[in-house]
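Colleague: Sequence:
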Amino acid sequence: MGAATVLLSDAAQAADLRVSDPAQAAQEAVAAARSPWQVRVRALGVIPNDKGSVNGVAGSDLQYSNSITPELDISYYFTDNLAAELILGTTSSKIGGAGTLAGVNVGKTWILPPTLTLQYHFTELGAFKPYVGAGINYTFFYNESEKGGFSNLKVDHHVGAALQVGFDYMFNEHWGVNFDVKKIFLETDWSANHSTLGRLSGKAKLDPWLVGAGVTYRF
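Per the working numbering: the sequence shown = residues 2 to 220.
It is worth saying that the hints were derived from the structure and are not from the lab.
Please note that a few of the clues may not be correct.
[Unchecked claim] Derived Cβ-Cβ restraints for the label pairs, each shown as a range:
(1) Ala214 with Lys148: 28 to 36 Å
(2) Gly150 with Asp190: 17 to 25 Å
(3) Trp38 with Gly100: 30 to 38 Å
(4) Phe129 with Thr197: 53 to 61 Å
(5) Thr124 with Gly149: 16 to 24 Å
[Stated by the list, open to error] Derived DSS-like pairs: lysine-lysine, alpha-carbon spacing no greater than 30 Å straight-line:
(6) Lys148 with Lys204
(7) Lys204 with Lys130
(8) Lys206 with Lys148
(9) Lys52 with Lys130
(10) Lys130 with Lys95
(11) Lys109 with Lys155
(12) Lys155 with Lys52
Where a beta carbon is used, it is the ideal one built from N, C-alpha and C, also for glycine.
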């Protein structure tokens with residue numbers, strides 16, 4: 002009888018300990034109810050690498066304009082640590098000559114670079130939540146326009162790799178701010194007609210940095 006009483010008393014105390022931590026119970030309830038979806042709205046700076054060439058023109062090079070554009074990203078969390086992120090945005094870039102083609106104005110193209118990355122999020126730092134990621138980018142070039150005697154400008158679509166590092170700082174379970182940097186590896190073919198030089202073609206090695214800052218919302 003005494004042993005049974007002791008065992009029952011120990012079990013009751015253990016049950017009381019499990020129930021007597023409301024903070025832990027609340028955290029577990031929030032984690033269980035948390036949506037896997039998250040969105041961010043960022044201002045995105047697109048900073049390409051000024052490098053390229055024109056076939057058959059020695060010492061030729063290309064340069065591209067920087068731009069700032071709004072960008073939306075959608076994330077899905079498989080676990081607290083693993084997530085997939087898709088970014089959507091579009092911008093334009095002016096194309097000019099450099100090297101032996103310095104001062105030549107080729108034209109402009111619009112760029113749509115959807116990028117999908119798989120991320121690892123570090124969750125041990127409280128409100129500060131850094132992450133790293135890697136993935137794939139498919140860049141569409143559209144609405145090309147020409148200058149300086151050029152016509153029929155065509156920049157080929159391209160598939161490339163993407164690397165990423167960034168962080169969210171969360172003010173509460175839903176709202177936070179974000180800073181993010183991506184490197185896109187983007188080298189593609191281009192071609193155009195010129196009124197005196199005829200048909201020209203070459204490589205455009207943009208390899209842009211995408212630097213973004215904005216607002217995070219976790220559903």
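Colleague: Against each hint, give a clear statement of whether it holds in the structure.
Modeller: So, going through the hints one by one against the coordinates:
As the Cβ distance of Ala214 to Lys148 is approximately 32 Å, the hint placing it in 28 to 36 Å holds. Evaluation of the 17 to 25 Å hint for Gly150 and Asp190 yields a pass: the beta carbon distance comes to about 21 Å. The hinted range of 30 to 38 Å is not satisfied by Trp38 and Gly100, whose Cβ atoms lie roughly 48 Å apart. Judged by the Cβ atoms, the range 53 to 61 Å given for Phe129 and Thr197 holds: they are separated by roughly 58 Å.
Under the hint 16 to 24 Å, the C-beta atoms of Thr124 and Gly149, about 53 Å apart, miss the expected range. A distance of roughly 19 Å separates the Cα atoms of Lys148 and Lys204; the hinted pair therefore holds under the 30 Å criterion. For the hint linking Lys204 to Lys130, the alpha-carbon distance of about 39 Å lies beyond 30 Å, and the restraint is violated. Of the pairs offered as hints, the one joining Lys206 and Lys148 holds, with about 20 Å between alpha carbons and a cut-off of 30 Å not exceeded.
Simply put, Lys52 and Lys130 have alpha-carbon atoms about 35 Å apart, too far for the 30 Å limit, and the pair is violated. Only pairs whose Cα atoms come within 30 Å are accepted, and Lys130 paired with Lys95 is rejected, the gap being roughly 36 Å. Taking the CA atoms of Lys109 and Lys155, the gap is near 10 Å; set against the 30 Å cutoff, the hint holds. Simply put, Lys155 and Lys52 have alpha-carbon atoms about 17 Å apart, close enough for the 30 Å limit, and the pair holds.
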